[in-house]
Structure formats: C-alpha cells, structure tokens
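All chains should be built: construct the whole structure from the sequences, respecting the hints.
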Amino acid sequence: MSSEITGITRANEGIQGISWNILGQTYVPKSKTEHSFSWHATLPPGTFVPPHIHPDQDEYLYMLEGKLDFVLGNSESQATAGDLIRLGMGVPHGIFNKSEQTAKVLFWVSPTKKLFDLFWGLHNMKEQKPEEVVAMAAEFNIHFLPPPPGAG
1 MSSEITGITR ANEGIQGISW NILGQTYVPK SKTEHSFSWH ATLPPGTFVP PHIHPDQDEY
61 LYMLEGKLDF VLGNSESQAT AGDLIRLGMG VPHGIFNKSE QTAKVLFWVS PTKKLFDLFW
121 GLHNMKEQKP EEVVAMAAEF NIHFLPPPPG AG
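The numbers in UniProt numbering rise by one with no breaks, and the one at position 97 of the sequence shown is 97.
Honestly, the hints are just simulated from the structure, not real lab data. Among the hints, erroneous ones may be present.
[Said to hold, decoys possible] Restraint ranges, calculated between C-beta atoms of paired labels, are given here:
id, residue 1, residue 2, range
1, G73, N141, 33 to 39 Å
2, G46, E4, 32 to 38 Å
3, P45, T6, 35 to 41 Å
4, G82, M125, 20 to 26 Å
5, E139, H35, 19 to 25 Å
6, S75, Q16, 24 to 30 Å
Every residue, glycine too, gets a C-beta built ideally from N, C-alpha and C.
In structure tokens:
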C-alpha cells in the first residue's frame, strides 16, 4: 500500500469518486493508507450497524450531525454532533440511528487491514442479506454478534 497522497478530498466526494451503499447507509471513503482508513457515513433514521468486533483495529467516529445510540461493550450510550466515539480493538460495539433525523459521521480505523475491501464486497452484493453480510465480514476479520434485545 502506498503512502498518503497530499491533497484535498472535497466535501460530498470520495477518493476516486467512490460511494458505497451498505446496509441502507452511504459510505464515502475519504482517505486510505496502510495505517489508516477514513470514510464519511450518512445514516438515515432507522438504520444501524449491528454489534460487531474488530479484533485488530481501533475505530473512531466523529459526529458531524444528528444523534446515534451505541452499544459499547456491556453498556449503552448516545452521542451527538461534536462528540468523538472511541471503539477500542476487540471491544464489541453497535451503532443505531433511533432518531428521526439523518446522522452524518466521519469514521476511521487504524490500521486499515481489510476493511476497505470488505466495504467493496458488501456494496457489490446483489442483496445484502444478513447471513451473507455476516459470512462475508468474517472473511475480512470483522465479527458480527447477535443484536441486543429491542435493537433495530
């Protein structure tokens, strides 16, 4: 993997014009190196990222707009615009938009590992069926867990 290319990725644009639809959300990659991968995510009301674990990545979210509910390990929490969410390597977490407004978030992971490739795979699925998403994610070392009671 190459080093970061100095420059500006414009608002509403992804690197190389990429935009993915994953689980009803829009992900737009902003930067990618061996050490870090970032993307802008738009999470409409009612969408969520099921509880999962990144065994070999730290993940961060910076809330730009809206409100999200989180399952962080064994606890639940909420975050709003301006909050930074830190998801440590190996800690189970799930992300839920239970509000009535769209949430916009800057995500990043370190190191990148295979997450960029997983997003391509999920985006290219004909239909994102839960069991197929879970199976594909496991191939890229992201492990989904059963949803908590009342999630979704």
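Each hint, compared with the structure:
no.: 1; hint: G73 x N141: 33 to 39 Å; verdict: 19 Å, violated
no.: 2; hint: G46 x E4: 32 to 38 Å; verdict: 35 Å, holds
no.: 3; hint: P45 x T6: 35 to 41 Å; verdict: 37 Å, holds
no.: 4; hint: G82 x M125: 20 to 26 Å; verdict: 34 Å, violated
no.: 5; hint: E139 x H35: 19 to 25 Å; verdict: 22 Å, holds
no.: 6; hint: S75 x Q16: 24 to 30 Å; verdict: 38 Å, violated
In the structure shown, a violation is registered for the earlier hints numbered 1, 4, 6, in ascending order.
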